[in-house]
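Start from the sequences and build out the full structure, keeping to the hints where you can.
Chains as they are written, first to last, in the numbering used here: chain E, 1 to 114; chain S, 1 to 109.
None of these hints come from the bench; they were simulated from the model. Note that CB positions come from ideal geometry on N, CA and C, so glycine has one too. Errors might be hidden in some of the hints.
[Said to hold, decoys possible] Between beta-carbon pairs, the in silico distance windows are:
{"#": "1", "chain 1": "S", "residue 1": "Thr26", "chain 2": "E", "residue 2": "Arg41", "range": "14 to 22 Å"}
{"#": "2", "chain 1": "E", "residue 1": "Thr38", "chain 2": "S", "residue 2": "Thr26", "range": "19 to 27 Å"}
{"#": "3", "chain 1": "E", "residue 1": "Ala2", "chain 2": "S", "residue 2": "Asn22", "range": "31 to 39 Å"}
{"#": "4", "chain 1": "E", "residue 1": "Asp56", "chain 2": "S", "residue 2": "Thr67", "range": "25 to 33 Å"}
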Amino acid sequence: DAGVIQSPRHEVTEMGQEVTLRCKPISGHNSLFWYRQTMMRGLELLIYFNNNVPIDDSGMPEDRFSAKMPNASFSTLKIQPSEPRDSAVYFCASSLWDRGGGYTFGSGTRLTVV
Amino acid sequence: EDQVTQSPEALRLQEGESSSLNCSYTVSGLRGLFWYRQDPGKGPEFLFTLYSAGEEKEKERLKATLTKKESFLHITAPKPEDSATYLCAVAGATNKLIFGTGTLLAVQP
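Written out as structure tokens, the structure reads:
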């Protein structure tokens with residue numbers, strides 16, 4: 001298995017531009033999570049899906065952030081418009097909805113907004 | 001609200017010097033407590049899941065234990081390659097995985 005695949009690995013964009021981060025979860029996993037990691041706040045859960053349905057988006061910081069999961073093998077996190085304070089590493093993780101085992105993380109997307 | 005607190009924030013050890021990392025937690029309906037290792041520029045790498053108080057798991061020089069309020073990650077005779085950030089997380093009744101801020105471990109030769 002190739003694991004959780006995220007793209008791009010690095011993204012540099014100008015303030016005000018739209019940014020789309022992509023994630024392909026592990027085949028067979030039915031839960032998908034988006035996290036943001038910064039030095040100040042550590043790993044923060046933004047949103048998670050179960051069976052492609054958003055379950056909890058209480059961690060999404062503002063309306064500028066949105067996430068979709070159109071099918072079991074693909075998810076996107078969009079920021080529009082982007083701001084410098086959005087600069088962070090964004091991770092996607094997937095798991096099986098069971099006793100909480102096996103959350104597997106991707107390699108992350110390092111976003112820099114200038 | 002589910003919460004995880006890790007200590008110390010940073011730990012420097014000499015090669016071979018054993019120690020423990022602490023993870024204190026509060027969670028509604030524990031589904032699992034997780035330990036991850038994170039190297040610079042990489043995503044968290046899964047180490048262990050513990051499900052109930054009294055449970056222990058081992059992997060090479062690492063041993064994780066769990067009580068009703070905290071978990072310890074014991075590192076026996078560490079090597080420089082064990083240097084990393086160690087993250088603790090809990091999943092509660094909602095299946096949300098909530099992380100602590102981690103312990104940065106440096107093992108000097």
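Do the hints match the structure? See the list:
{"no.": "1", "hint": "S:Thr26 - E:Arg41: 14 to 22 Å", "result": "holds, 19 Å"}
{"no.": "2", "hint": "E:Thr38 - S:Thr26: 19 to 27 Å", "result": "holds, 23 Å"}
{"no.": "3", "hint": "E:Ala2 - S:Asn22: 31 to 39 Å", "result": "holds, 35 Å"}
{"no.": "4", "hint": "E:Asp56 - S:Thr67: 25 to 33 Å", "result": "holds, 28 Å"}
Hint check: no violations occur; every hint is consistent with the structure.
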